[in-house]
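Just need the whole structure built from these sequences, with the hints factored in.
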Amino acid sequence: MRYAKSSSATTSRRNLLLGTAAAGAMFAAGCTSNENNDDGDNAKQAANTANDKPGKAVTIGFAGPQADHGWLNAINEQAKRRAKEYKDVTLEATEGSNDTAQQIGQIETLINKKVDVLVILPADGKALTQVGLKAMRAGIPVVNLDRIFASPQAYRCWIGGDNYGMGLNAGRYIGEQLKGKKNAKVIELAGIDNLELTRQRTEGFNDALKNYPNIKKVGRQAAEFTVESGQAKMAQLLQAHSDFDALWNHDDDQGVGAERAIKQAGRDDFLMVGGAGAKHAMDAIKAGNSVLKATVLYPPTMAASAIDLARALGQGKGVGGLAELEIPASLTLYSAVVTKDNVDEYLPTGFS
Amino acid sequence: MSRLRRLADLRNLSLVGVLAVLIAVGGFTKPDEFLSTDNLQLVLTQASVIGVVTVGVTFVITSGGIDLSVGAIVALASVWATTLATQDYGLGGILLCAVLVGLGCGLVNGVLIAYGGMVPFIATLAMLASGRGLALQISDGKTQVVTVNQVLDLGLPDAYVLGIPPLVMIFAAVTVVGWLVLNRTTFGRRTVAIGGNAEAARLAGIDVRRQRLMLYLLSGLCCGVAAFMLVVLTGSGQNTNGNLYELDAIAAAIIGGTLLSGGRGTITGSVLGVLVFTTITNLFALNNLQSDVQQIAKGAIIVAAVLVQKGRSTP
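Going line by line, the protein sequences match chains A and B. Numbered per the working numbering, the first sequence spans residues 1 to 352. Numbered per the working numbering, the second sequence spans residues 353 to 667.
Hints were generated in silico from the structure; no laboratory data involved. Because the structure is a prediction, the values reported are computed rather than measured.
Distance condition first, Cα-Cα at most 27 angstroms in a straight line; then the derived DSS-like pairs of lysine-lysine:
{"id": "1", "chain 1": "A", "residue 1": "Lys-217", "chain 2": "B", "residue 2": "Lys-382"}
{"id": "2", "chain 1": "A", "residue 1": "Lys-185", "chain 2": "B", "residue 2": "Lys-382"}
{"id": "3", "chain 1": "B", "residue 1": "Lys-382", "chain 2": "A", "residue 2": "Lys-182"}
{"id": "4", "chain 1": "A", "residue 1": "Lys-179", "chain 2": "A", "residue 2": "Lys-286"}
{"id": "5", "chain 1": "B", "residue 1": "Lys-382", "chain 2": "A", "residue 2": "Lys-263"}
{"id": "6", "chain 1": "A", "residue 1": "Lys-279", "chain 2": "A", "residue 2": "Lys-80"}
{"id": "7", "chain 1": "B", "residue 1": "Lys-382", "chain 2": "A", "residue 2": "Lys-216"}
{"id": "8", "chain 1": "A", "residue 1": "Lys-182", "chain 2": "A", "residue 2": "Lys-217"}
Short, incomplete list of chain A residues facing chain B, as computed with Cβ under 10 angstroms:
{"id": "9", "residue": "Gln-66"}
{"id": "10", "residue": "Asp-68"}
{"id": "11", "residue": "His-69"}
{"id": "12", "residue": "Glu-224"}
{"id": "13", "residue": "His-241"}
{"id": "14", "residue": "Val-256"}
{"id": "15", "residue": "Gly-257"}
{"id": "16", "residue": "Gly-266"}
{"id": "17", "residue": "His-280"}
Note that the Cβ used here is the ideal one computed from N, Cα and C, for glycine as well.
Written out as structure tokens, the structure reads:
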């Protein structure tokens, strides 16, 4: 806690400094520039879009799943940290749960508390649709984070990652790397097979590989997003395939185990692409001393963006930069490929 | 008596048979990969962590009890031990921590059951819940990556002695000690006795409470050792470690011929049970079968193995 306090104190001091500098710059600009014609328009637009300046006080209810995984943990942290940055935002966060009934109960409590806006990352989007509808009917706009509800009536805005795009971009990257290679072989270490997102990631991967007739997918095993399962399944894959050229692993958390299995088997004759964007994976890509050459992002910063959207909704504003009076109905994040070339740019978003 | 016991051990023949069939299938479908030294080392390594847990669970089930908390204890011990890895504690500190956490959890289970009169199912279910919760709290939901080289090196091929990975040696040692304790010591006889009839055992002068306490301590100890092995294997600690170990260990013990109602237990059978499961997983991965098929087959094999045993034991 002490760390948090001291760091926020530094931040505010820095903000003050930056603020002074910005004011000085504006003053200077005002003195030298003679293009003051559209100042009025700018001011008008700024009034309708959300910005960092305090506005109407908004209470945001946040209900997420249990943070038993690096990425989910980062989601919770991102949401809380962003909410703290706004003086006009009060965050009411519930304890995370993977139990559908329990999460519904938590959301109902938030509805009863009459929060202004709800941000929900459902453990199971389909199963929580009804409670989303209930909130919307009670006049509380819902920002649906990542795992989508079954009905568009259950949310005002959806923001999330692109699982299909993740597979697609992983496949494209591998395809480009193996372009000149005849009879190239790739294998896939997938995530939890009974999740829709795993199927979408695999579908995107397969579709991308169709563009490269020289590449054949020779093996696929599903792990469980855990280090232990990653180690076990990767060890088996390595036994089953004595030679292959590339591996796509859906998740960097299980990647810790997978990389361990690769080291234990003493293999380094292929390139590996990870998924999600964990810090340890980015560190390894930067160091360049392992088979891991890239990771496809599924950014947990979407939780911070969800808080921004919820605040804008609560204050009845649009989003700055987009020519809208309202916030959009849906936003899909881009699954960028992080390699040694651009890793420095993305390292700050890496989660541990 | 000893002839009867030998007959009971013959029960394991059916499992040896299943294992032989699996090996034959493996040798037939993937002759180059399946019977390679690398792959045999892999199968044994993957069996070793759950194997050590199963030896402890076999004792508890033999005494008529149950331990549903083994997976959670493995998770808690591995998470707790790996927090030390970031604070300059070496191999010894990490091992000691894992073992102490295991023993501590076993002690709580044992006291609740033996002296608090709680039903083992409930007491260990409570330990499952709180152990997982505590593991989540300590790790803050994060994967704790080990950087201590002494620990990491134990899992690499350089550490193999005569081609045997250290983890497999630990597994073998635990199995041998477990077999000796169950079959050749007073402790083992008392375990079987209270599993058969606790009241008769008490009248015969056995301190049933103390014996029960010791058994849950033993199970906790095995979990602590397994947690350390898992840290070596994965190079990390995570609150999801040991997921569903309780069910895997109980299933392996039951198909190995240990009676769920207590009074009969076989370490050899349990270890064979673990090997059957690990071999199936390996075989399926080598043949590129998906997890849904694996799960269905695992279920079918549990049913088949128990049916075969039932057929043998009832005239």
